[in-house]
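Protein chains in written order, with the working numbering: chain A, 1 to 114; chain B, 1 to 116.
Calculated directly from the structure, the hints in this document are not laboratory data.
As the structure is a prediction and not an experimental result, all values here were calculated from the model.
Note that CB positions come from ideal geometry on N, CA and C, so glycine has one too.
Watch out, some of these pointers could steer you wrong.
[Said to hold, decoys possible] Computed Cβ-Cβ distance ranges for the label pairs, DEER-style:
no.: 1; chain 1: B; residue 1: LYS9; chain 2: A; residue 2: GLU76; range: 46 to 56 Å
no.: 2; chain 1: A; residue 1: GLU63; chain 2: B; residue 2: ALA82; range: 35 to 45 Å
no.: 3; chain 1: A; residue 1: LEU13; chain 2: B; residue 2: GLY16; range: 24 to 34 Å
no.: 4; chain 1: A; residue 1: THR28; chain 2: B; residue 2: LYS9; range: 23 to 33 Å
[Claimed, not checked] On the chain B side, residues computed to face chain A include the following (Cβ under 7 Å):
no.: 5; residue: GLY16
no.: 6; residue: TYR64
no.: 7; residue: GLY110
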Amino acid sequence: GDSVTQMEGPVTLSEEAFLTINCTYTATGYPSLFWYVQYPGEGLQLLLKATKADDKGSNKGFEATYRKETTSFHLEKGSVQVSDSAVYFCALSDYGGSQGNLIFGKGTKLSVKP
Amino acid sequence: NAGVTQTPKFRVLKTGQSMTLLCAQDMNHEYMYWYRQDPGMGLRLIHYSVGEGTTAKGEVPDGYNVSRLKKQNFLLGLESAAPSQTSVYFCASSYLDHSGGRGEQFFGPGTRLTVL
């Protein structure tokens with residue numbers, strides 16, 4: 001079945017460092033891909049998404065590009081802030097186009113130190 | 001708008017007890033979902049609903065039942081709680097978008113359940 005694999009954490013960075021969180025997927029069709037963020041004590045919020053190959057999702061300085069050839073959707077940010085400390089989840093929908101049922105990776109905890 | 005709310009926020013049960021978790025959304029969304037979040041496991045879908053009066057099984061439905069009697073509410077029931085059901089439970093909802101599919105999922109703040 002469909003699955004998502006993301007790099008294990010925790011990831012600890014200094015403020016203004018460059019962030020990459022790797023995410024790869026396995027899917028039989030053409031899924032939509034998502035990054036969700038969970039701040040401490042809260043539910044998940046959609047950070048960005050891409051619905052077809054070569055699409056780039058971006059939000060709040062974060063970016064991710066849907067790479068069909070490498071089945072990847074890596075999350076990047078050029079300069080992280082303390083306020084970016086959270087758990088990040090990569091996810092795919094189980095059918096293409098709009099978001100269907102989501103399949104999540106296990107999450108990557110990011111801690112940013114001042 | 002309150003968005004997605006969950007009741008209660010915390011609960012401790014003894015093995016064998018029953019309880020119902022309530023999820024409510026005020027966004028008139030068609031779709032609603034229940035997930036559980038366990039350390040190192042990400043979120044796993046328990047049950048979902050594509051409309052009032054309908055429910056369907058997700059990835060880990062055993063030991064849970066759900067009902068969607070009203071469009072705005074989605075109830076998750078544990079008939080006989082087990083320690084393996086200790087988890088954080090999240091409810092989410094999503095809308096019917098312009099292309100006929102499902103839009104973004106909006107999550108509630110979660111319910112932390114401990115079964116002793």
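request  = Given the hint of 23 to 33 Å, check if THR28(A) and LYS9(B) actually sit that far apart at their C-beta atoms.
outcome  = Given about 38 Å between the Cβ atoms, the range is violated.
inquiry  = Range first: 46 to 56 Å. Now tell me if the beta carbons of LYS9(B) and GLU76(A) are that far apart.
reply    = violated, 34 Å
query = Can the suggested window of 35 to 45 Å be confirmed for the beta-carbon pair GLU63(A) and ALA82(B)?
reply = Holds - the Cβ-Cβ distance for GLU63(A) and ALA82(B), about 43 Å, lies within 35 to 45 Å.
key: chain A contact restraint on TYR64(B) - CB to CB distance below 7 Å   = Interface hint status for TYR64(B): violated (16 Å vs cutoff 7 Å).
ask   = Within 24 to 34 Å or not, the Cβ separation of LEU13(A) and GLY16(B)?
value = violated, 46 Å
query = Taking the closest Cβ pair, is GLY16(B) under 7 Å from chain A?
reply = This interface hint is violated because 29 Å lies over the 7 Å limit.
task = May I ask you to test the interface hint for GLY110(B) with respect to chain A, counting a Cβ-Cβ separation under 7 Å as satisfied?
result = holds, 6 Å
Hint check: violations occur at hints 1, 3, 4, 5, 6; the rest are consistent with the structure.
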